[in-house]
Amino acid sequence: MEKAKKIASSVGAACARAGIAIGRLFAKIWKNPKGRRGLIMVGIVVLAALLAPILTPYDLHEYNVTEGLQQPSFSHWLGTDKNGVDIMTQVLYGARISLIIGITTGISVTLLGAIMGIMSAYFGKVLSVTILNLINVLLVVPTLPLMMVLSNISSSYVMMILIFTLFGWCGTARMIRAQVLSIVNMNYVRAAELSGASKSYIMFRHIMPAVAHLLIMNCALSCAGFMVAEAGLSFIGLGDASVMSWGKILVAAERDAFTSGLWAWVLAPGVAIFFTVFGFMQVGYALEEIFNPRVKRKKTSSKDSRSATESADAIFASMEDLPLEDAKTLKEAYLKGETH
Amino acid sequence: MQPVLDIHGLKVLFRVGNTYIRAVEGVDITVGEGESVAIVGESGCGKSVTGLACMKLLAQQNAVYTAKKMTLQTKDGHVHDLLSESENGMLALRAEQIAMIFQDPSTFLNPVMTVGEQMDEVFLYHPGAVTQEDGKAAHKLSRDEAKRLSLEQFRRVGIPDPEMRYKQFPHELSGGLKQRILIAMATACKPRLLIADEPTTALDVTIQAQILDLITTLRRESGMSLLMITHDLGVVRAVAERCYVMYCGKIVEHGYVRDILEHPLHPYTKALIDTVPGLDDRVERFVQIPHNVPHPSQKPSGCFFSNRCAFCTGICQSAMPPLREPVPGRQTRCWFDKEELWEK
Amino acid sequence: MGEIILSTNELSVDFRIQNKVFGSPDILSAVSKVNLQIERGEIFGLVGESGCGKTTLANAILGFVKPTAGSVSFMGHTLTRTTSPKVWRQARRNMQMVFQDPYTSLDARMPVWQLVSEPLYINGERNEHVLRERAEELLLRVGLGRDDLDRHVFEFSGGQRQRIAIARALIGGAKFIVCDEPVSALDVSVHSQICNLLLDLQQEMELTYLFISHNLSLIKHITKHMAVMYLGTVLECGSTEEIFRSPECPYTQALISSILQLHPTADTQKIILRGEATSPVNAPLTCRFASRCSAACEKCRTAPLPPLTNIGNDHFTSCHLALQEGSHE
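Chain order of the listed sequences is A, B and C. Mapping of the first sequence onto this note's numbering: position 99 corresponds to residue 99, and the numbering continues sequentially without gaps. One rule links them: number in this note's numbering = place in the second sequence (from 1) + 1000. One rule links them: number in this note's numbering = place in the third sequence (from 1) + 2000.
Be a bit skeptical, because a hint or two may be false.
Stated by the list, open to error - Simulated crosslink set (DSS-like; lysine-lysine; CA at most 30 angstroms straight-line):
id: 1; chain 1: A; residue 1: 328; chain 2: B; residue 2: 1338
id: 2; chain 1: C; residue 1: 2299; chain 2: C; residue 2: 2066
id: 3; chain 1: A; residue 1: 199; chain 2: C; residue 2: 2270
Unchecked claim - Partner residues are not named here, just some residues of chain A that face chain C (Cβ under 7 angstroms, in silico):
id: 4; residue: 155
id: 5; residue: 182
id: 6; residue: 186
id: 7; residue: 194
id: 8; residue: 196
id: 9; residue: 197
id: 10; residue: 204
id: 11; residue: 206
id: 12; residue: 209
No wet-lab data here; the hints were simulated from the structure. Using N, Cα and C, we set each Cβ at its ideal position, and we do this for glycine too.
Bound-form chain A, shown alone:
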């Protein structure tokens, strides 16, 4: 009982610490101009997805063919589709699936990549060779045709996430592996080994903190990537037919929007995809600047080069030596002052 309590309290403390760290990270992103822009954009999309039922009075499955193909109006801001379903409603509900797919795949790919990368770099030769060969095989498997074949078995989005994850971790794993290999050869790791450190100690104390920033950055960027991939796959007809996604809106629009002049039908899902992906990318770039300050410094130094050269002349003037005569009198004055 005592032990359980102790474990519970230590787990609680760990969670609290992790929470504080995450909070601090978000505060840092918020301070970065790109990061703030990205967070606001992603925040808007997340809110839209969560509050979709409140934001729109219409239902996604309420067909009303008589009101089909209406131009944008006050009651239907972006018009309606062939079945009379409000397009605004579709876009709002579509955000849900795009976000779910983007975020879950982004996170699971990063996690799997990190585990495989670290294992291949730090847990012996056999694992290393196995994982590297696995990566080589996976990299040449054509994902798209495979996806088409597998969608015959199950067309659900769970399947899509699964396939994305299974084939998407290779890049992350290779990046992490390279990073870990360079850290393992650092002398501070050897110093720790000399003191008797175990593999897990070195992994959690030295390796994980060193690659954490790469993982977070990679996660944000791959979220954006998979959202685009999802839209593309939905567009060619893969994915669950009963769930609305931005890709599906585009398929429907492709058939009827141009003949009926409903430009908003095409534009809205496109802009939504762009908006969200852009937001995630901005967060990713902000994280890159936060963790790798060199990226940012380069940019600032190229700015306002003019004002800088002007003050350089003042510094040059201050480097001028004292004239010998003045120096002589100064020294005499000093020596006199000392004797008094």
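With chain A's structure known, arrange chains B and C on it following the hints.
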């Protein structure tokens, strides 16, 4: 007499963000014809920057620099003003009049070309420098001629088995051989001045002895001037006649190497010499200089060495002494003469 | 002769290089049959050029690489190829290392107190108060202050970082320290600071150093015994004073003559060696220096390298020439 290299009042700043780092704060250096001159100093004292400035190779690195005078006299007696020289003009001067070798030879060799091809290029790009020596007019060299000259040059710098080395890639050669190749390339056009920036720091002691010997021999043969940049007073003594001691971007002492090593004038030079014990006697403890070399943005006020100097007084902390000449031919940047300090 | 704290017995480390698809792999013999004896409380110098195996030898002693043959004896433990990792770990408790480059030997993400007290943390001490206290104690000892405890590595200069690394090596009470070129990455004007610090600590805490360096004049001043390595073999070893007084092996002579001295009175005839060290891949059993040696005779090139032999006054050499002269007398 007009010196080969004449630099007066060279000042260099590096831009980091919105602030400037003071790298070189007013340096005067002259190198006479056939003379061997050294600049000694620790890392961050501005010695390498001075070397790069002589070649006008500072442009890329966010550097701002100025000088009152920077001239180079070429073989035909013409005096070039390096400050106003265009980039194209500098291209012609480099290699043929002024050449440079560096600490890490592998970064200056292209890894995907054989060293022979890289050696040939020097001759192909600068045919004038080679053929005019024989009294013939400059003409474009053929590949075969270039190869013949390259092999000859490899032999001159003591590369064993030049035919085989000619076909090898940089990664197949050891550090000492790569440095020899670089020296071969730098001296191919018989430059008037060779700037050597820590050429032996990355090498082993026995190889260092070989390379220093090679540089001295080449210099004697061709009458080339040498500007050796190093942190090692032992290297200075082995190759140089005259020497400048730099600390925190300023020259603190200047004079003939023998004089400086036997009777240093500046407390920094004296401390540096004292930290290296002779081989004859065994010491229990080493003479040490307190504190660390200050970061360029945190140089102390007054004399830059004042915070580490054993003889520091009030005036040292308040004003930077000028470079004065207490003994003819020798300069020191200290408020006091050595008689006032350690020979009291 | 004092008590031996560490000795190696015919210690060899080979690396296999498989760069052909078929056929047997090349053998790179990085360390070959090395016998060293280090007394408790002395500083033992190990000199040689880069690639001569001195770092591999240190790694084998510390257990980072397993010896191919031979053994290391350290404070009652005999460590060989077949020794279990557990015993290695136990033996290593009393060994520590000071690395050449203080920039890669300290984790930049940790504050100084964590860096210094890491060995204690690894061995189970989790009380932050105790860790900080011990770290402070050691920092004061190496010439840093209490204010430095919470700073990060990037705020320190090279010399100060090396002091931190030394503090970390000493905190666990190790008695045997391998110093791998501890000053060569530092500014010239701080060399003596770090050397003096190492010497003071050695006296105060009765430490034993294996001091690896290519700086012979430093070795001469601080060590009692030394060994000269060339391509994995020890060519000469024994009392530092004796070796500098009358170096027997031509290689040692060349090394000593290549020291760049500052004072002209000490000038000697310079010996400039031909060529460079070949690679120790498939190295012969003969003297590995013979191909560069100006005095080499037929025997040097054909007969196997003799074992280190005492030629008097605590001076051992494996040079044919020196041994022949000895037998003539």
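> Against which earlier hints does the structure fall short, listed by number upward?
Replying inline: 2, 3, 4, 5 and 10
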